[in-house]
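For the protein sequence lines, the chains are W and S, in the order given.
Quick note on numbering: the first sequence equals residues -15 to 159 in this note's numbering.
Quick note on numbering: the second sequence equals residues 28 to 136 in this note's numbering.
None of these hints come from the bench; they were simulated from the model.
Heads up, some of the hints might be wrong.
[What the hints assert, rightly or not] Here are some chain S residues pointing at chain W (derived, C-beta under 8 angstroms):
| no. | residue |
| --- | --- |
| 1 | 35 |
| 2 | 37 |
| 3 | 49 |
| 4 | 62 |
| 5 | 65 |
| 6 | 94 |
| 7 | 95 |
| 8 | 131 |
[Stated by the list, open to error] Computed cross-link-like contacts, DSBU-like style, restricted to lysine-lysine with a CA-CA straight-line distance of at most 30 angstroms:
| no. | chain 1 | residue 1 | chain 2 | residue 2 |
| --- | --- | --- | --- | --- |
| 9 | W | 149 | S | 30 |
| 10 | W | 85 | S | 55 |
| 11 | S | 29 | W | 115 |
| 12 | S | 55 | W | 115 |
| 13 | S | 29 | W | 87 |
| 14 | W | 85 | W | 147 |
| 15 | S | 30 | W | 115 |
| 16 | S | 30 | W | 87 |
[Said to hold, decoys possible] Now the in silico label distances, taken between C-beta atoms and shown as ranges:
| no. | chain 1 | residue 1 | chain 2 | residue 2 | range |
| --- | --- | --- | --- | --- | --- |
| 17 | W | 7 | S | 119 | 39 to 45 angstroms |
| 18 | S | 40 | W | 12 | 44 to 50 angstroms |
| 19 | S | 92 | W | 14 | 23 to 29 angstroms |
| 20 | S | 68 | W | 112 | 42 to 48 angstroms |
| 21 | W | -4 | S | 78 | 51 to 57 angstroms |
| 22 | S | 108 | W | 78 | 30 to 36 angstroms |
Backbone N, C-alpha and C define an ideal beta-carbon position, used for all residues, glycine too.
What follows is the residue order along each chain.
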Amino acid sequence: MSKTSNAIRKTAYLGSFLALAMVLSYLESLIPLPIAVPGIKLGLANGCVIILLYVFGPFEACSVNILRVILTSLLFTNLYAMFYSLAGAVLSLLVMILFSKSKHFSPIGVGIIGGLFHNIGQCTVAFLVTKTDAILGFLPILMAAGMICGCLTGILGKILYPKLKKIYSMKEIRG
Amino acid sequence: MKKGDIILIGIGVALLAFAIVFILVRPKAVYVAVYEDGVLMDRYPLNKDTEVTIRTKDGHWNVMQIKDGTLNVIEADCPNQICVNTVPVTKTGESILCLPHKISFILEQ
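In isolation and in its complexed conformation, chain S is listed as follows (with noise of 0.2 angstroms):
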């Protein structure tokens, strides 16, 4: 262990309580925000409980679940399946992604 990695640990400890605190302080988010390639596509309450499939372009599907204002993404054909292993979200900026479709599930005020 030399000097220059206890002041690499001491960044990673300082960086590790930053991530703490953002992820602790964000509010409760209202709307989620479907964006395919940075486009949005449409906007939906969290305080309404539905299930909606979104439709790619070309053809590939996302299927999400609002439940009690949280967002959670059920059902996808994607081929690594990481949008739907995303664990619900439920705080403003949180987002679910689908990076092989380009879909983005973002969480608004």
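For reference, chain W alone in the conformation it holds in the complex (with noise of 0.2 angstroms):
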């Protein structure tokens, strides 16, 4: 098979994989969470990110996770709620890519590490923002709940990964 069918191809899975993502942040911000604490939410568009990160590389999660973020951002919010996320946002990607590398996680794993750096890159934002202290009084919680999401998306990371790493390098040997 040719370089360039292959490039086409990975645009379109790519394509693909950032409406995915932006779907589900849009699905996720119609779901009220009745929690006391601001900022909590599943974070169904970063079990995508994690199955990038497998399947294609740190690179392509990457690009498309800021993509993702400015384009839901300017659809859907605000310019200043886009800072928050990417804040959010390229923080644990750092770290999921991190530890997506070493052996000893699994997507589970990078999940709850994911989540967990999310919010704590959240939090920081917001409070350098507002310099008030009463922020940092939200971080435990924000921190166990991020852990709590992001092992629910690194389940669903690890259970989808196997079956579409398949699809693609299928496609990939047939041409």
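Could you use the hints to bring the two separately framed chains together as a complex?
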């Protein structure tokens, strides 16, 4: 199979992953979680990113996730929300890439650490913007919630990854 | 499931326990302090029922309500309405934040 058609196929796959991640982000914003602390969400789109990280690699996962944050912020929320999301997304991605390289962690561990650092990143930016100590009071709760939700998305990634990997590599061989 | 995962889950469980204890041991608050951009604007006692409209420097507003010792933000012209959707708070150290307006309502002793 030629190099070009492989690249085209990859572009199409990544495009559909980006669309999926955006839809998941949007769906999530429609589900209000009745929790006292603002900023707790499932992070379904992160499950998408974990799969990308394993099937394609860090570069593809990064580009899809950053594009997702920018596009969903522009479409559904506003620019100030983009800062918070980007801070969380970039920090959690960096840590997830590191952990996915390690032999000691499966996608579940990667999801947990991703959720944890996503919330740490967002909290830090919120603290820097508002200079309010009270935000740090949310941190233990947000960290725990991030780890629980990250564990769920990690399980999702672990279940889906082998199936998606098979589809991708099969098509690659067939041309 | 690998060894590292199990260690992480352990840390997560410990953190969750800590968060729960952290919430439970807080005493009831006496005052609500309103900050704009980190600067104290005013204090209101929690034992007096009242409704106050807080106006920011650039003309935005949040309406806070004190009722039966609990603080609630009932209305605001911010885009995300997170402060309005935050459940009422009553304990020291708890807070309601409006990040778009850089307003924070913090419960203090």
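How the hints compare with the structure:
| no. | hint | result |
| --- | --- | --- |
| 1 | 35 | holds (5 angstroms) |
| 2 | 37 | violated (11 angstroms) |
| 3 | 49 | holds (5 angstroms) |
| 4 | 62 | holds (6 angstroms) |
| 5 | 65 | holds (3 angstroms) |
| 6 | 94 | violated (17 angstroms) |
| 7 | 95 | violated (17 angstroms) |
| 8 | 131 | holds (5 angstroms) |
| 9 | 149/W x 30/S | holds (24 angstroms) |
| 10 | 85/W x 55/S | violated (47 angstroms) |
| 11 | 29/S x 115/W | violated (39 angstroms) |
| 12 | 55/S x 115/W | holds (24 angstroms) |
| 13 | 29/S x 87/W | holds (9 angstroms) |
| 14 | 85/W x 147/W | holds (20 angstroms) |
| 15 | 30/S x 115/W | violated (39 angstroms) |
| 16 | 30/S x 87/W | holds (10 angstroms) |
| 17 | 7/W x 119/S: 39 to 45 angstroms | holds (42 angstroms) |
| 18 | 40/S x 12/W: 44 to 50 angstroms | violated (25 angstroms) |
| 19 | 92/S x 14/W: 23 to 29 angstroms | holds (27 angstroms) |
| 20 | 68/S x 112/W: 42 to 48 angstroms | violated (20 angstroms) |
| 21 | -4/W x 78/S: 51 to 57 angstroms | holds (56 angstroms) |
| 22 | 108/S x 78/W: 30 to 36 angstroms | holds (31 angstroms) |
Checked against the numbered hints above, the structure breaks hints 2, 6, 7, 10, 11, 15, 18, 20 and satisfies the rest.
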